[in-house]
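Start from chain A and add chains B and C according to the hints.
Top to bottom, those sequences are chains A, B and C.
Mapping of the first sequence onto my numbering: residues 213 to 705, in sequence order.
Mapping of the second sequence onto my numbering: residues 8 to 371, in sequence order.
Mapping of the third sequence onto my numbering: residues 258 to 432, in sequence order.
If you are wondering where the hints come from, they were derived from the structure by calculation, not from laboratory data.
Remember, predicted model here, so these are calculated numbers, not experimental data.
All clues stand as given, with none of them false.
Over the 12 Å line for every Cβ pair with chain A, so calculated as not near, a few chain C residues: (1) 264; (2) 292; (3) 316; (4) 317; (5) 372; (6) 386; (7) 405.
Output of the computed footprint for chain A on chain B, the stretches with three or more beta carbons under 8 Å from beta carbons of chain A: (8) 117-128; (9) 348-357.
Computed footprint of chain B on chain A; a stretch qualifies when at least three of its residues, placed anywhere within it, have a C-beta under 8 Å from a C-beta of chain B: (10) 306-317; (11) 471-482; (12) 568-579; (13) 619-627; (14) 630-637.
Don't be surprised by glycine CBs; every beta carbon is placed ideally from N, CA and C.
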Amino acid sequence: MSVLRRLLSRSWGVHPDDRKRPASEAPARAIAAPAVLHIPLAQHVGAAARPAVAVGQRVLKGQCIAAAHGAISAPVHASASGRVIAIGEVLAPHPSGLPVQAITIESDGEERWIEAELPADPLRLDPAEVAKRVAEAGVVGLGGATFPASVKLGLGLRARVRTLIINGSECEPYLSCDDRLMRERAAEVLRGVRLMLHATGAREALVGIEANKPEAVAAMRAAAQRVSDVRVCVVPPRYPMGSDRQLILELTGIEVPADSRAADTGVLVHNVGTAFAVHEAVALGRPLVSRYVTVNGEAVREPGNYIVPIGTLVDDLLAACGGLREAPARLLMGGPMMGLALPSGRAPVVKGTGGILALSAAEVGAREPGPCIRCGSCVRACPVGLLPLEMARHVQAGSLDGAVDLGLKDCIACGCCAWVCPSRIPLVQAFAHAKGELAERERARLRRDAARKLAQARAERIAREDKERAEAAARRKAERDAARAAQSNPEPA
Amino acid sequence: MTDTAAGSPDPVSSPHAHGGASVARAMFRVQLALAPATLFGLWMFGWPAIFLFLFTVAASLLAEFVSQRLRGARASLADGSALLTGWLLALSLPPWSPWWIGVLGGAVAIVLGKQVYGGLGQNLFNPAMVARVALLISFPALMTQWVHPLPLHAPAAPGFVEGLHITLAAPPLPDAVASASPLGHIRTELSRGVDPLRAAAAPGAPALPWSGMRAGSLGETATLLLLAGGLYLLATGVITWHIPLAVLAGIALPAALAHGMDPARHLPAQAHLLGGATVLGAFFSATDYVTSPGTAPGKLLYGIGVGLLTWVIRTWGGYPEGMAFAVLLMNAVTPVIDRYTRPRILGRRRDGREIGLPARETPP
Amino acid sequence: MLLPVIALTALGIVLGALLSLAHRLFRVQADDSVAEVEALLPGTNCGQCGFAGCAGAAAALAEGRAPATCCPGGGSALATALAQRLGLALDPSAMADEGPKLAVIAEELCIGCCRCIKSCPTDAIVGAAKQIHGVLREACTGCGNCIERCPTEAVALRPVPVTLAHWVWPRPVPA
Numbered sequence: 213m214s215v216l217r218r219l220l221s222r223s224w225g226v227h228p229d230d231r232k233r234p235a236s237e238a239p240a241r242a243i244a245a246p247a248v249l250h251i252p253l254a255q256h257v258g259a260a261a262r263p264a265v266a267v268g269q270r271v272l273k274g275q276c277i278a279a280a281h282g283a284i285s286a287p288v289h290a291s292a293s294g295r296v297i298a299i300g301e302v303l304a305p306h307p308s309g310l311p312v313q314a315i316t317i318e319s320d321g322e323e324r325w326i327e328a329e330l331p332a333d334p335l336r337l338d339p340a341e342v343a344k345r346v347a348e349a350g351v352v353g354l355g356g357a358t359f360p361a362s363v364k365l366g367l368g369l370r371a372r373v374r375t376l377i378i379n380g381s382e383c384e385p386y387l388s389c390d391d392r393l394m395r396e397r398a399a400e401v402l403r404g405v406r407l408m409l410h411a412t413g414a415r416e417a418l419v420g421i422e423a424n425k426p427e428a429v430a431a432m433r434a435a436a437q438r439v440s441d442v443r444v445c446v447v448p449p450r451y452p453m454g455s456d457r458q459l460i461l462e463l464t465g466i467e468v469p470a471d472s473r474a475a476d477t478g479v480l481v482h483n484v485g486t487a488f489a490v491h492e493a494v495a496l497g498r499p500l501v502s503r504y505v506t507v508n509g510e511a512v513r514e515p516g517n518y519i520v521p522i523g524t525l526v527d528d529l530l531a532a533c534g535g536l537r538e539a540p541a542r543l544l545m546g547g548p549m550m551g552l553a554l555p556s557g558r559a560p561v562v563k564g565t566g567g568i569l570a571l572s573a574a575e576v577g578a579r580e581p582g583p584c585i586r587c588g589s590c591v592r593a594c595p596v597g598l599l600p601l602e603m604a605r606h607v608q609a610g611s612l613d614g615a616v617d618l619g620l621k622d623c624i625a626c627g628c629c630a631w632v633c634p635s636r637i638p639l640v641q642a643f644a645h646a647k648g649e650l651a652e653r654e655r656a657r658l659r660r661d662a663a664r665k666l667a668q669a670r671a672e673r674i675a676r677e678d679k680e681r682a683e684a685a686a687r688r689k690a691e692r693d694a695a696r697a698a699q700s701n702p703e704p705a
Numbered sequence: 008m009t010d011t012a013a014g015s016p017d018p019v020s021s022p023h024a025h026g027g028a029s030v031a032r033a034m035f036r037v038q039l040a041l042a043p044a045t046l047f048g049l050w051m052f053g054w055p056a057i058f059l060f061l062f063t064v065a066a067s068l069l070a071e072f073v074s075q076r077l078r079g080a081r082a083s084l085a086d087g088s089a090l091l092t093g094w095l096l097a098l099s100l101p102p103w104s105p106w107w108i109g110v111l112g113g114a115v116a117i118v119l120g121k122q123v124y125g126g127l128g129q130n131l132f133n134p135a136m137v138a139r140v141a142l143l144i145s146f147p148a149l150m151t152q153w154v155h156p157l158p159l160h161a162p163a164a165p166g167f168v169e170g171l172h173i174t175l176a177a178p179p180l181p182d183a184v185a186s187a188s189p190l191g192h193i194r195t196e197l198s199r200g201v202d203p204l205r206a207a208a209a210p211g212a213p214a215l216p217w218s219g220m221r222a223g224s225l226g227e228t229a230t231l232l233l234l235a236g237g238l239y240l241l242a243t244g245v246i247t248w249h250i251p252l253a254v255l256a257g258i259a260l261p262a263a264l265a266h267g268m269d270p271a272r273h274l275p276a277q278a279h280l281l282g283g284a285t286v287l288g289a290f291f292s293a294t295d296y297v298t299s300p301g302t303a304p305g306k307l308l309y310g311i312g313v314g315l316l317t318w319v320i321r322t323w324g325g326y327p328e329g330m331a332f333a334v335l336l337m338n339a340v341t342p343v344i345d346r347y348t349r350p351r352i353l354g355r356r357r358d359g360r361e362i363g364l365p366a367r368e369t370p371p
Numbered sequence: 258m259l260l261p262v263i264a265l266t267a268l269g270i271v272l273g274a275l276l277s278l279a280h281r282l283f284r285v286q287a288d289d290s291v292a293e294v295e296a297l298l299p300g301t302n303c304g305q306c307g308f309a310g311c312a313g314a315a316a317a318l319a320e321g322r323a324p325a326t327c328c329p330g331g332g333s334a335l336a337t338a339l340a341q342r343l344g345l346a347l348d349p350s351a352m353a354d355e356g357p358k359l360a361v362i363a364e365e366l367c368i369g370c371c372r373c374i375k376s377c378p379t380d381a382i383v384g385a386a387k388q389i390h391g392v393l394r395e396a397c398t399g400c401g402n403c404i405e406r407c408p409t410e411a412v413a414l415r416p417v418p419v420t421l422a423h424w425v426w427p428r429p430v431p432a
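The shape of chain A in the complex, shown without the other chains:
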């Protein structure tokens, strides 16, 4: 059945040169906290955290410095012990070059952890308690989506998910942080997976790892040997295998409806890094203050994997990796397919940072775009089944509605289309632009509705006031008339 399905299914995705070696072969090295850390308040999907410390205050490593705010949010913790020296703006790790609110900590170099009370047996905790501890530890989806992990666990529990998929596919070229994590900390990852199973009530967990990471597969299999509810599955290397819907389809054969959540089909996807962070948070009481980061690219002197405190500036991280060979043509946060180009290295490493790539001009291979020749490569590459060339034509013509009709909202911005495009058309940017314009249009509509309501309320208020004034005037007049009448004929009786 599955063979038949595979034969009938379309080919999708691309096979970029993975370039993970040699960075993936060296053990990960922990980087000491630099003198100053800039920890942004918004490192996750949802509302930014609110500062819970004052400038000048001393903090311990792992201390909560900004609390979650709202239903979908996550707290932020100090990644080193030291003193808060500023709460202000730093360069956001984002191509726009805009600032982001951050808490700046001067490290005292002592790395003193905050005390935490540890559960005797984490698996005996109530599932809601596990989710609560995950939330308090500021754990977010470490695959790059940075959705608060506890919210997703709670969602899984409510939706009664059956299968937990642990995403270790790491399909982005250059990146090997998940690979290294699985090789080095397989036991901890597995404990995290079991905690997640416990928290969601799912019956089994499937760990999906691409076939190009045999050592990680072996390590995870060895760790999962005596556990019946965790299965390690090898998936063919293909980009974007690590995308939720593609991985779910590959591992379970379930096609998630376009407008539904994966949880509605009984499946929940979490990244291996998230599993590790869940273990650290629940079993060891350690909030998310550092993560595995791949530093790679031809411009890097010592490519490899590093355990980096959150809030370390990219410049400081690169300096700790032996510096750069040359000025990179592009400095990226994340992988080359979906990563963000940084305007400079003065942006901090955040929870969602899987890699810092300093690419040479040859690696980027940028060239001027040309006209579309309708070759259809993008149509074949699109993992979602869209027509990127047609969508881009609509976007260029300013017809957002036309692009939406063609499925713009289903685009996952994986970059396959632009990667194969022989004319180098910046398709992803065209779609990102269109999505941004759509969001802006929606915001404008909401603003307009709100303004209209306010104007209506004002008109009603003015009408009411006028009426009240008129009534008051009428009343006063009546009183005056009555008084005058009383004066003119004092005692009628």
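Chains B and C alone, transformed into the frame defined by chain A:
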């Protein structure tokens, strides 16, 4: 502090890597694939063919350059598309045509076939086929003036100077050289009431050998070399198998069926496949990116349409050759095909609505 | 010679008459564009356009008495939408638009006269007599009514700062 070397103020979007495909590379590969059959054609038809080829290609390049300048676009011939258009046109011309046929054809292909629409990627019709059909309709006599193969080394073959004279001055062809194309010959015989089998077997009738040593357009005869080139394009991923296979099937199936029912009136499938520009068209003309559909089912539909129309035109139409007309006709419906063969979006049905949730066992 | 001329002329006249008849018979009556245009407009009745509220402006727009760029509060986004809806040509040079704007009150200049409060169509300005006034960012539409009312020129329109949440990728330059 790390600043990127580019240091551009405009944000650059992902992806930050590229597969390496380029328009120029695709065009180059097509040219490479055409090279063996082209060299064979040039060798077989001698110096006049070589001059015609050069005139056609040069005219196309010049027309491209001038029109790009006039349109105010960045003038660039580097993408190789104009070269390929001229090349394909030259291959579809009678090899001893006068120089101005090639020049006029090249200009029509580039200017009327492509640039008036807005340049590369914007044209609705295959430029080379537009030019071929325009020439065929305007100069029917010249465009059906075929010659016997006279390889470069043959004693009767025209030399360099004589070849130049044939191309530039277009003297009337000597009877010893002139020939009918195989399909044209059979058609003429058919109209005289001669059975195609007997017509093909008659002494002196043009044959349809696999080797390609026969009268015909400059580059259409070397079926095996064209096939090899087509397979190279398939192997390198420049084209997919859908269109060529569908075109060949679209010609061969009805031809075989009709021949089986009435061998006296219809040619066998083999004659259709080997004759005319079938293989050249299936692999090189019909697969033009710009003017063919983008999705696999669309390509199949389009290819079958091209094949079927070619067979229909050859069988009942006014011309013994139908590939160019068939390609143009199917080009015209490509936008419609594209519209109705959109791929299914993951998680959606074909009509764009969400697929249903999978059935789940009810929780206890 | 004469016959085809007469025949073709007659044919032309008949078909022309048919066309004009069809135009009269099947004409789409009373277009609802006024209501649709009004739905696009801010609806705050700020009066900056010079018409009697947004309803008046919508009527003027639908009748072609007002340009698509007549609403300062709506900015270029609204102008584009209006031009598209009404099929008007949009003069890009007439839209020196720096994006959405908000009113900002300079605290050191405000004397607490309350005049701006009364002029605000969305009650976006808060304050009391002899107290410094403030603008509620969420409610301000940037219509600019308050600016001319202020006796001390303390109110100004400032562009809404772009934040990460609002930033939009620029449209790529076509090749």
